[in-house]
Amino acid sequence: MQRILHKLLLWHTMERWGRTQHAFQQQFASNTLAHKAIRSDADTRLNTIATLWTREPALHTTLFADKPADSSDIHGYLEQAVYGPYKMIASLTPWLQPTPATPISPELTLLWDDALPNDEVLALGYRALWPVAQQLGASTSTIAPLSSQMVLEPISVLDLDAPLQWLGSLGGMAARWAAEEIEKAGLVVLPGGKSFLSRFRSATQTEADQGQRLLAECWLLARLGPAYYILALQQGLLAKDADWLTTIEPALFHGLGYLNILEPQCILLHETLDRIRPGLNSLFKISDTTPPMGSDDHHLLWKTVEAQIPETQRFTDRHLERAQQLVPALLDNRLIAARPLYPMDAVREKLEGIYQADRGELTTSNRDDVYTVLNQTTELPATPREIITAGWLTTLHQLDDQLAEMFTTAAQPNTPAMTPLNLLSGYRQQQDYLLIKSLETTSVHQVLLSR
Amino acid sequence: MILNECQIIERLTHADPDKRLVVTPLIRPEEQFGPTSLDLRLGTDFQVMRRSNVTHMDVMKPTEALTREMQGVWRELKLPPTEPFVLHPGEFALASTLEFVRIPLDLAARLEGRSTWGRLGLQIHATAGFVDPGFEGALTFELSNVSMVPLQLYPGVRVSQICFFHTTATGLPYNKKRFTKYSGKTTTASSAFFKDPEYARIRNAQQRGTQPIG
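Protein chains in written order, with the working numbering: chain A, 1 to 451; chain B, 1 to 214.
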């Protein structure tokens, strides 16, 4: 997995391609002249991208190379296979508008409830969500009535059914939250009398804004865990976000270690990024010579974030461990709404005890009641954050196989350019369904466990 | 042979993944298991037929047009766990199990209603209660209320039970069949009857002007 980062970016761009194609088919389905013309234009552009991806298999050999990635990959591969197509797809999205018939996903609210349990922050979330939800035809019963202060947080129509992207919609809200809370953060005085904000006290407005954003990003990572790191990595790189590359990513990666939630695949992503960083600096036109934050600064930053977020609301190593336990089930295309209370071996052993007692091989007093065995099959609900994290980890696990299968299909003679991409869209859609159903199911599970 | 509770657990925890029965989540097994059955719960998504000006389903229309028409006829509803779906007398709706089910190749299953709900007039399937080996996904409920009073149905309530039968392993599992329309679905899916290949053949024959035999 030397090129895991490249694969992630390509996979996401292809995912955007699939969602864009689907959205055009849905929104411009009628046979009116206007719709036909729009569909035809979109099809032409999407087909051009598909042809680029599938008709030049040599282009992708770098993806599966054994040697570590380096800066030479940047202009040679990423520009051509990722950034070019991504820009072309993005140019189509302004055509796509949410329609009144599009339902807002209640699962999105479930995720927010889990990630933002604090009432105050949740209210901010509602304010952000409501205008979009209303536009999309949500009923007031699914989302609480809101104050008149509306803060629009646009959710792309492409992301409505994309649970892995939903964490991103929290970003803007968090930034606003951070702006409100920044003074509080400044009051957090750490040993030695320093505060994180002291770094920005004499800063210019731009630097202060950067500080707020940094704090907001860290705040999100602390609540959402490695899934947010992976999503932010993808979004930051595709947006050619210079601040993100120079300041935010190193801070987020430090945070994963600080919070003890450093997932091995995140290490791989970070290491690949570090190797290609010089090439990205030139691509992102970064000429700033400001010295990067050192580990002392990062430490201070994370102490500030830690002080702001109660441990019960943070994404912890326990969440990560549980999310990792869900990955095999998702790889096997099963629902991941719950995890077993006991390992299967232990249940089988108990069951064997009952069989032995029935055969007279045990004394009656040793025989377990059948309810003991039944109860051992109980499953415990996964949290929405664990489900989304498992979704991201599974996606990274599958990158190699899915892309390899796609290119193998593309290499078959007479295969239409769009066929291999539709294959990938099928996999992605199946996983989206499972994640969404898992989020719904776990919300019911939680209610049925309550007393 | 119908499996008893211990045999069901045996299959739920089978060491061989190919022989393992999957029913997840198992929320309160002590309440869900019966001597030869396992209760299943109502999921969160429903499909109800709208009143519309469509006079009939013209199955001779092209599949894409019919798909669009069907989308206009059915209305999707997703409910939070604390909000009921109300099924009125004489009403029909589609729903699905909360649980994800995967049936190994040497088991078949039957989905049935629970007596508790049957006594209130709730039917959970019209004719399609049989589950093939190899099925995976959420099972569909064809809900109808044959009583005189509306029924409140909350997501998560146990409206059905499933029992399992042993069979010799099939070479034609549901998820590998060439003509499945609902395999792997985890949401409530409305009928895709028009995708049955017979309609394409009839359509083609109509276009050719084939005369009836005899």
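Where hints are given, some of them may not hold.
Okay, derived cross-link-like pairs now, BS3-like style, lysine-lysine, Cα gap no bigger than 30 Å in a straight line [unchecked claim]: (1) 176/B with 19/B; (2) 87/A with 36/A; (3) 61/B with 36/A; (4) 61/B with 195/B; (5) 36/A with 195/B; (6) 19/B with 185/B; (7) 19/B with 350/A.
Beyond 12 Å from chain A on every Cβ pair, some chain B residues (computed) [stated by the list, open to error]: (8) 6; (9) 8; (10) 78; (11) 96; (12) 108; (13) 118; (14) 129; (15) 152; (16) 167; (17) 191; (18) 202; (19) 205.
Simulated from the structure, these hints should not be mistaken for lab results. All of these numbers come straight from a predicted model, not from anything done at the bench. The C-beta atom is built at its ideal place from N, Cα and C for all residues, glycine as well.
Against the structure, the hints come out as follows:
1. 176/B with 19/B: holds, 16 Å
2. 87/A with 36/A: Distance ~23 Å between residue 87/A and residue 36/A Cα, so the pair holds.
3. 61/B with 36/A: holds, 20 Å
4. 61/B with 195/B: Holds. Residue 61/B to residue 195/B sits at ~11 Å (cutoff 30 Å).
5. 36/A with 195/B: holds, 25 Å
6. 19/B with 185/B: holds, 21 Å
7. 19/B with 350/A: holds, 19 Å
8. 6: Non-interface label fails for residue 6/B: nearest chain A Cβ at 6 Å, not farther than 12 Å.
9. 8: Violated: least Cβ distance 9 Å, not greater than 12 Å.
10. 78: violated, 6 Å
11. 96: violated, 9 Å
12. 108: The claim holds: residue 108/B sits with its nearest Cβ about 20 Å from chain A, beyond 12 Å.
13. 118: holds, 22 Å
14. 129: holds, 22 Å
15. 152: Non-interface label stands for residue 152/B: nearest chain A Cβ at 15 Å, farther than 12 Å.
16. 167: Holds: least Cβ distance 22 Å, greater than 12 Å.
17. 191: About 19 Å separates residue 191/B from the closest Cβ of chain A, which puts it past 12 Å; holds.
18. 202: holds, 24 Å
19. 205: holds, 26 Å
The earlier numbered hints that this structure contradicts are 8, 9, 10 and 11.
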